[in-house]
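Trainee: Listed in order, the protein sequences are those of chains W and Z. Its first residue numbered 10, the first sequence is counted upward by one per residue in this note's numbering. Its first residue numbered 26, the second sequence is counted upward by one per residue in this note's numbering.
No wet-lab data here; the hints were simulated from the structure. Accuracy of the hints is not assured; some may be wrong.
[As the list claims (entries may be wrong)] Think about it this way: if two alpha-carbon atoms lie no more than 25 Å apart in a straight line, the pair counts; the simulated SDA-like pairs of lysine to any residue are:
{"id": "1", "chain 1": "Z", "residue 1": "Lys41", "chain 2": "Z", "residue 2": "Asp75"}
{"id": "2", "chain 1": "Z", "residue 1": "Lys41", "chain 2": "W", "residue 2": "Leu72"}
{"id": "3", "chain 1": "Z", "residue 1": "Lys92", "chain 2": "W", "residue 2": "Glu31"}
{"id": "4", "chain 1": "Z", "residue 1": "Lys151", "chain 2": "Z", "residue 2": "Lys41"}
{"id": "5", "chain 1": "Z", "residue 1": "Lys191", "chain 2": "W", "residue 2": "Asp47"}
Okay, here's what each chain looks like letter by letter:
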Amino acid sequence: MTRDEISALLPFLANGTLEGDEKAQVEAALAEDTVLRDELRALRAIRATMQDEAEFTPGEMGLARLMRGVEAETAVAAAPRRTWIWQAAAAVLLAVAVGQAALTWRAPAPGGYELAGAGEAALSVAVAPGVSEEAFRALLLDAGVAIVGGPSALGLYDLAPSEGTDLAAARAALEASPLIDSVQSPED
Amino acid sequence: MDPHSDLIPRIAGGDKQALAALYRALERPVFRFIRSRLNDPFESADILHDVFIEVWRSAGRFEGRSKVQTWIMGIAYRKVIDAHRKRGRVDVTDDIPDMADDTDTEACIAASEEAVQVRQCLETLKPDHRSAISLAFYDDMTYGEIAEVTGVPEGTVKTRVFHAKKLLMRCLEGFGLRAKGVAT
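Next up, chain Z with everything else stripped away, as it sits in the complex (with noise of 0.2 Å):
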């Protein structure tokens, strides 16, 4: 059952407390997913009230054929991507380079139990990638809701998480064994 699902045809029929308390519902998942998107809490502000001002001129349209979340993150993704169009930023191709799988696991640990280094590593990774590993950690969906988010096959969200994953390790690893004085 959608938590949410009840308050969307209000919002539909001109009721401001709903979208506030689907607001205050949603807020924080949003924000954080926009934020990990673009880097800057200002911009992630006027793009998150962006979104909510969406979802109160389309509440209309809303089919219910997906939970409310997951259709908000769609929003939040498409005008995260018309941000990096503006900005000038082109993301079309998931190739990373081929990476040995022998990563420390123990550093790896080690290093994610900083919240700044996994931050730093996740800016490190592209956006498509950012955006999956986001969407599967922060908000916990599943492969399927980030497909709909995303508008990619759910094979694209498997293959992006995975590159995504193995990226963030490599790079926690780092963290982790230059904590350790080991060379890297």
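Pulled out of the complex, with its shape left as it was, chain W reads as follows (with noise of 0.2 Å):
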């Protein structure tokens, strides 16, 4: 090994990384060379400074930024799946009401009865981003509407009063949840 390889591998007899026969030669060298020793010194003050060094870091305000990406990016990775979940569950409401629209043919009430605004669309909502299905279900029972279809290409789902349930205050308890972005019916 030349002088300037020995020399070359000082930093890292500092550091305390050099191993095996390197090592054995290189501290051969330094044994014989008053030079390389005091390179070796000042390497090693250098690297003390270094690691003393007092440095401010994000820390926990650079965790908490990087959860927020984190939670970001899981959101978009979600999206596709909870439009899927939404897709499902409108098409299971859609079959229900299939059914009960069948039922209703082959057994129609007596005197001509039918639910007020059943299978009608009343009202339309388009959900905020980020809403999970439960959420809204929730919501749904709360108000006293059933989706009677959707979600549309926009994203809309058309929505019809329970029985007993007063459009109105229906319409008031949708417009006044944060899960709902916008509601219309059809005479806005």
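With the hints as a guide, dock the two chains, each given alone in a separate frame, to form the complex.
Mentor: Have a look at this one:
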């Protein structure tokens, strides 16, 4: 090993990572060369200062920012799955509505009785981004409405009031909810 | 044994707590390395964020052929290079001026006790030299690990470290001699 090669390895002796034959050769050269020993002393002093250097780091604020970034990534990745869940939920509800219609056709109510507004869209709503199916379902139950159509290509759901539900009150409950972006009725 | 290797499969599986644990363990050395290359704490914080987002995205592709810290430092290194490119800074050569091999070691050691002077001298180094000596002294990496991080042969790492330490010592010697009142 040349003297320059020995000198090139001194920083790795200073940081304690040099091993085996290379370490032995460097230490042998050091034993005979005061200039190299002085250089090693200087390198150790520089390393010690660098290691001790106090440095501001982003710390917990940086971690909070990272977690927000990861949440955003997760939300984007999950978006197609949520769409699938909504579509499945809408398909099930549609099937129930079709089944109900079939039953109604086979056994018409005596005297022409029918549910007020059943099967007819009285309201159309747009759900806020990121709302879970569970939260949306709870809101619909609270407001006393059911999905009778949708989602449309624009993501709109058609709703009809359940029996005994006051449409104006249901609309007010939906408009007041942060889960809903917009509420419209055919008359609007 | 790599102390962080068990976190990577968990991160790949979407475990945010594992990512937080890895961040807490490696944030300081990764940030310090980025900061040593950019001299801008705010831009460095942005790149640190980008590094760990990439860890989150690509943990499933980590093959375990290097230590986790080495892998992450490699991500940081590439992002720093990108940042330099965006700034229009180009670093293509390892050439350094010839220097006499007669450094005043005592002056250098005296100056090296001042962190500000060490930082100032580090900032005079070219980016590749600064990376090499930073990874060696801040992060105690082997030259093999530095070669993995920076994507160059081990011989190139040794050359860069050799030049970096010479320039660093010469710079610190200047501080030391000026403190002693000796003209440089």
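Trainee: Hints first: check each against the structure and report whether it holds.
Mentor: Each hint, compared with the structure:
1. With a C-alpha separation of about 16 Å, the suggested pairing of Lys41(Z) with Asp75(Z) holds against the 25 Å cut-off.
2. A hinted pair counts as satisfied when its Cα atoms are at most 25 Å apart, and Lys41(Z) with Leu72(W) qualifies at roughly 11 Å.
3. Using a Cα cut-off of 25 Å, the hinted pair Lys92(Z) and Glu31(W) holds, with the two alpha carbons roughly 22 Å apart.
4. Between the alpha carbons of Lys151(Z) and Lys41(Z) the distance comes to roughly 37 Å, so the proposed pair goes past 25 Å and is violated.
5. Between Lys191(Z) and Asp47(W) the CA atoms are separated by roughly 13 Å; this keeps the pair inside 25 Å, and the hint holds.
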